[in-house]
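Asks: Taking this note's numbering, the leading residue of the sequence shown gets 1, the next gets one more, and so forth.
Hints should not be assumed to be uniformly reliable.
Said to hold, decoys possible - Pairwise CB distance ranges (calculated):
1. Thr82 / Tyr61: 40 to 50 Å
2. Tyr7 / Gly32: 13 to 23 Å
3. Glu13 / Asn133: 26 to 36 Å
4. Ser79 / Asn133: 22 to 32 Å
5. Thr26 / Gln55: 30 to 40 Å
6. Trp5 / Asn43: 38 to 48 Å
7. Pro168 / Lys74: 15 to 25 Å
What the hints assert, rightly or not - Taking lysine-lysine pairs in the DSBU-like style, the calculated list, with each CA pair at most 35 Å apart, reads:
8. Lys59 / Lys114
9. Lys121 / Lys105
10. Lys44 / Lys114
11. Lys74 / Lys59
12. Lys105 / Lys44
13. Lys44 / Lys102
14. Lys104 / Lys3
These are calculated hints, taken from the structure and not from any lab test.
Even glycine gets a Cβ: it sits at the ideal position worked out from N, Cα and C.
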Amino acid sequence: MPKDWYYYGHRDESPPDIQPGSFEVTAPAIDGTTYLGLVLRDNKTWEGIGQDLEQPLRKGYLYELTIALAMPEKMISISRTTGEYADFNHPVLFRIWGVDIKNKKEELLAETPKIDHVDWKNYTFTLLPRKNNYPAIAFTAWFANGLENPYNGYILVDNCSDLKVITP
1 MPKDWYYYGH
11 RDESPPDIQP
21 GSFEVTAPAI
31 DGTTYLGLVL
41 RDNKTWEGIG
51 QDLEQPLRKG
61 YLYELTIALA
71 MPEKMISISR
81 TTGEYADFNH
91 PVLFRIWGVD
101 IKNKKEELLA
111 ETPKIDHVDW
121 KNYTFTLLPR
131 KNNYPAIAFT
141 AWFANGLENP
151 YNGYILVDNC
161 SDLKVITP
């Protein structure tokens, strides 16, 4: 796990990967030498990563965040449903959440369309918490068709900007 981040996913599953170099993922980083890989699994589980913020996301405030995203050309791991090797290079959605673990609250703040490109692209997100204040933020992978049709997928995440307050 990257420094100062925590696992935000299913309790019985593995945490996100630091890439490149694992599971035949070879894409170079867009910034620095490493990046994050988040997986979806055909057993309806997904990976996520979270971080406590210095200042909470405040209800009614507008924030901006830019992140580079891509999918791998290849990602080989074992399917949870078949027990056999499978290619996980299928498009996924990227979600950003406001999180309050202590009070068991979360709010979906942003979601991409399917990330189906192998080249890095920057995505700028506008975040507006509407329900609560959130002392943490989380990033998760998600299924393009929801949980009805789970599949193996993978997304690459790099070069996350600082969270910028747009309007108080």
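Asks: Please go over all the hints and tell whether each is borne out by the structure.
Replies: Hints and how they fare:
no.	hint	verdict
1	Thr82 / Tyr61: 40 to 50 Å	45 Å, holds
2	Tyr7 / Gly32: 13 to 23 Å	21 Å, holds
3	Glu13 / Asn133: 26 to 36 Å	29 Å, holds
4	Ser79 / Asn133: 22 to 32 Å	40 Å, violated
5	Thr26 / Gln55: 30 to 40 Å	38 Å, holds
6	Trp5 / Asn43: 38 to 48 Å	24 Å, violated
7	Pro168 / Lys74: 15 to 25 Å	45 Å, violated
8	Lys59 / Lys114	28 Å, holds
9	Lys121 / Lys105	30 Å, holds
10	Lys44 / Lys114	17 Å, holds
11	Lys74 / Lys59	40 Å, violated
12	Lys105 / Lys44	21 Å, holds
13	Lys44 / Lys102	25 Å, holds
14	Lys104 / Lys3	23 Å, holds
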